[in-house]
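Enquirer: Residues per chain are reported as follows:
Number of protein chains: 2
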Amino acid sequence: MTLRALRAEIAAVNDLLCASSVLVWDSRTMMPKGGAAARGHQIAALIEAARARLMGPATARALEGALREVESLPEDDAAVREVGAVRDALAFHARIPADLLRAKAELRAAANGAWIEARALSRFDLFEPYLTRTVALAREYAAAIGGGGHPYDALIGLYEPGETVASLETLFAALREGIRPLLERAAARPAPRLDVLRRSFPAERQRDFAAAIAARFGYDFDRGRLDFTVHPFEISFTRADVRLTLRRAETFDPPAIFGGFHEAGHGLYEQNVDEAYTRTALATDLVGFYAVGGTSFGAHESQSRLWENHVGRSPAFWARHFADLQAAFPDALGDIDADAFHAAITHVRPGAIRTDADELTYDLHIMLRVELEARLIAGEIEARDIPEAWNAAMRRDLGVAVASDAMGCLQDIHWSSGMIGSFCTYTIGNVMAAQLFVSAMGDPGVRDGLEAGDYAPLHHWLRERVWRHGRRFSRDELLVRATGRALDPAPYLAHLAARYGA
Amino acid sequence: MTLRALRAEIAAVNDLLCASSVLVWDSRTMMPKGGAAARGHQIAALIEAARARLMGPATARALEGALREVESLPEDDAAVREVGAVRDALAFHARIPADLLRAKAELRAAANGAWIEARALSRFDLFEPYLTRTVALAREYAAAIGGGGHPYDALIGLYEPGETVASLETLFAALREGIRPLLERAAARPAPRLDVLRRSFPAERQRDFAAAIAARFGYDFDRGRLDFTVHPFEISFTRADVRLTLRRAETFDPPAIFGGFHEAGHGLYEQNVDEAYTRTALATDLVGFYAVGGTSFGAHESQSRLWENHVGRSPAFWARHFADLQAAFPDALGDIDADAFHAAITHVRPGAIRTDADELTYDLHIMLRVELEARLIAGEIEARDIPEAWNAAMRRDLGVAVASDAMGCLQDIHWSSGMIGSFCTYTIGNVMAAQLFVSAMGDPGVRDGLEAGDYAPLHHWLRERVWRHGRRFSRDELLVRATGRALDPAPYLAHLAARYGA
Chain A
1 MTLRALRAEI
11 AAVNDLLCAS
21 SVLVWDSRTM
31 MPKGGAAARG
41 HQIAALIEAA
51 RARLMGPATA
61 RALEGALREV
71 ESLPEDDAAV
81 REVGAVRDAL
91 AFHARIPADL
101 LRAKAELRAA
111 ANGAWIEARA
121 LSRFDLFEPY
131 LTRTVALARE
141 YAAAIGGGGH
151 PYDALIGLYE
161 PGETVASLET
171 LFAALREGIR
181 PLLERAAARP
191 APRLDVLRRS
201 FPAERQRDFA
211 AAIAARFGYD
221 FDRGRLDFTV
231 HPFEISFTRA
241 DVRLTLRRAE
251 TFDPPAIFGG
261 FHEAGHGLYE
271 QNVDEAYTRT
281 ALATDLVGFY
291 AVGGTSFGAH
301 ESQSRLWENH
311 VGRSPAFWAR
321 HFADLQAAFP
331 DALGDIDADA
341 FHAAITHVRP
351 GAIRTDADEL
361 TYDLHIMLRV
371 ELEARLIAGE
381 IEARDIPEAW
391 NAAMRRDLGV
401 AVASDAMGCL
411 QDIHWSSGMI
421 GSFCTYTIGN
431 VMAAQLFVSA
441 MGDPGVRDGL
451 EAGDYAPLHH
461 WLRERVWRHG
471 RRFSRDELLV
481 RATGRALDPA
491 PYLAHLAARY
501 GA
Chain B
1 MTLRALRAEI
11 AAVNDLLCAS
21 SVLVWDSRTM
31 MPKGGAAARG
41 HQIAALIEAA
51 RARLMGPATA
61 RALEGALREV
71 ESLPEDDAAV
81 REVGAVRDAL
91 AFHARIPADL
101 LRAKAELRAA
111 ANGAWIEARA
121 LSRFDLFEPY
131 LTRTVALARE
141 YAAAIGGGGH
151 PYDALIGLYE
161 PGETVASLET
171 LFAALREGIR
181 PLLERAAARP
191 APRLDVLRRS
201 FPAERQRDFA
211 AAIAARFGYD
221 FDRGRLDFTV
231 HPFEISFTRA
241 DVRLTLRRAE
251 TFDPPAIFGG
261 FHEAGHGLYE
271 QNVDEAYTRT
281 ALATDLVGFY
291 AVGGTSFGAH
301 ESQSRLWENH
311 VGRSPAFWAR
321 HFADLQAAFP
331 DALGDIDADA
341 FHAAITHVRP
351 GAIRTDADEL
361 TYDLHIMLRV
371 ELEARLIAGE
381 IEARDIPEAW
391 NAAMRRDLGV
401 AVASDAMGCL
411 QDIHWSSGMI
421 GSFCTYTIGN
431 VMAAQLFVSA
441 MGDPGVRDGL
451 EAGDYAPLHH
461 WLRERVWRHG
471 RRFSRDELLV
481 RATGRALDPA
491 PYLAHLAARY
501 GA
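One line per chain: the protein sequences are A and B, in this order. Mapping of the first sequence onto the UniProt record's numbering: residues 1 to 502, in sequence order. Mapping of the second sequence onto the UniProt record's numbering: residues 1 to 502, in sequence order.
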């Protein structure tokens, strides 16, 4: 019964990590401002307790027996993967000095406050010492993780196991080559009417509309909820409680409604992980210490981008649902038709801000960040060089002159959170979404369903091939099983060309 | 530096208990219904982690040194009390078998579900097996705690250290004797107009009014919030985040608005514990495992009842604030004056439900429960005898015929939560509130302030004498310091006579 004993330990680890996620959700949606300092202590105590439980003698003892118990099973058996994930996590954490984790956690709290102030005042100098320290700790962390190759590879692997600087360079080169001509063609086209998006769209009605669409996608509100936040996110505390948030906007800010579809995609993944995996290593990131069932950050992003862009930004979607939107916002949309609306929400316009970016320029923002992070970790540049390097790359890649550091290198929260290595997963998500969507559309039931506004066949297709497997299969294993190929940019470029090349 | 090492351990225990409280708050206000089972696991894991930390070798080691470090300090020095609280908690928990705690926790989850169903169907037979088991575990728990005397004493001590069956009998006899003639006189008076309370009072506006009054009392919304729940409560995660909830009612249900004042009183206590005690044993109940700064349940209840009844139900309060209430509810109150309103909200009418009881009959509900619990724990009666014993006592003490078990012995959540021993603290709170209020009114600044609707002097008086001390002083130590006497029913009976004897 040692697998059973191992599961009891991991269940407790998952419970503590879920509790930490509840505290994170609360801190972003409900917590009064005075609670921030105490909340930082509480979350740190939970992570520390989870680590103590994972690295405790009971886990080690149970693991030894569990490894023997599963050794005769096939390599891709769920139990083999489950026990293997614990083994790998123990080996990972054994390499990381506790002092380094504490230093990272302490810095995160301070850096986040400094970043908020620096961004508000657009003063990079206020954030620079924190970024210098963040980079120094990230370099130490990468060295502790080890693994050879480019030092940034170790950090990428935290979020997207298997990807490296080298593999990303190949992928990014293909994407740049495909996107550049599309962008030139888009720039040459006249802009559609955009004023409609600036009309009044009351936030509560946007939320109700996003919730109604999420429910149509199959998101289960008995195991979830949708609230407003400044920065939208999805977070889960087992598959039984998976929450979404929405940006509060009073105009038709595309990141609001489409952000709702996006987070719903993340939520669908978590709500549909096999129930038998609940509170196991197949629904817990034991390396990154997140209670998450998706197999990688990129795989997770693929589900949000699939529902946001392939479903939610398609002409078929708005042919079917524009009337619902008109009914919800009669004052704003009375004189607009579905085609004009669709042209507005798919308009391509290079800009300074990643989260406002259209589908065609989004990856250029990501590649820029990945390139800067790799150079930072390699020591080719330092924190103080970032504003200049950022602005130069924005001019080179997007033709955008950055007006201020607040609109430039201070715009994203990631560096102040110590999340160096994660940006590439946004682009991997885009690529994987297209690859899965093309395969799903090969199923006539899925295709007919989408034409008819019936999302159940696509939901079913993804649940069977992606969601239910939790962390059992790697991203590329999922892709090979579902599409016959590992990650491949061709379907994504074809999608961009079809939507933006005409 | 061993006191410092001890504080680091206790801070982590407090962090984990605060996290548990966040999860409890969320489960009652925000959690989708699907999340309940996983949430039970998460809370259990947090309590287990807190216990492991408290009972771990680091705490024991640091305690030994800390005891030496404080041995030359005066007995009532804060550090002496702080270290003593840890020592007592370790001794307490060492006596409790881990199996018993696990059995209690498992039963609680099951018993709560059974109680909800039993109450909805008014079928005591569905709850009886759970109550039988709850009582059996409570008897075991009492035996493990030990201490001699009546076995119920050990359970009372969890909530109100120092009280016993014997001390409560003396207190209750005095209260019964004082209340009986007041109740007879009240019954002989004609009823005031009560229809006004049944008019429409939209819930959101009741909340806004309660929030405005809480703010006037000095409750700090930068470190708190007010939400709707089925059963109102106050809960805190350090003094920096202290939350209140309100019953949602669409009529002027006295438990709604007055419940708001009541919870604000609890909140004021927690928000004003000395900041230096944050995350220490002086702001953590290390025996009961609640992250709470109030020194006993009775002392806590004294603050809620003081603001609810002595302030909020006084003629002076409504002479000042009835116009605000009229302005918030012009349709319901346009034809009513402050005196008629005050007569309605202080009307005495014995009833079956504790939480709806008026000030004069409330303690009779409490004494009935205490008596039944004492007899259950002593083995004089068993769970199956409860409905009959309950109904007989209601007839005897309140002259009320109980229409159904849902309106009788199934009405309260306490037994399904395993909270046997806590009921007496409601009455102790009433007694202590009156004692403190009379002393406070001896201060002319407090008295003039209340007449003028200025609550700052009373706030200050209570903060200095009660709130800021956290768990440093016992309830009776606080009372002696503030009023010159230990718990004394005379001021409470005088208050009831003044308000209800005329």
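Mixed in with the good hints there might be a few duds.
Same chains, same label: a pair holds when it works inside one copy or across any pair of copies.
Said to hold, decoys possible - In silico EDC-like pairs for lysine to aspartate or glutamate, Cα to Cα no more than 20 Å straight-line:
1. Lys33 / Glu117
2. Lys104 / Glu48
3. Lys104 / Asp26
4. Lys33 / Asp77
5. Lys104 / Asp331
6. Lys33 / Asp454
7. Lys33 / Asp358
8. Lys104 / Asp274
9. Lys33 / Asp220
10. Lys104 / Asp77
11. Lys33 / Glu275
12. Lys33 / Asp222
FYI, nobody ran anything at the bench for these hints, they're computed from the structure.
Enquirer: Which numbered hints turn out to be false for this structure?
Expert: 3, 4, 5, 6, 7, 8, 10
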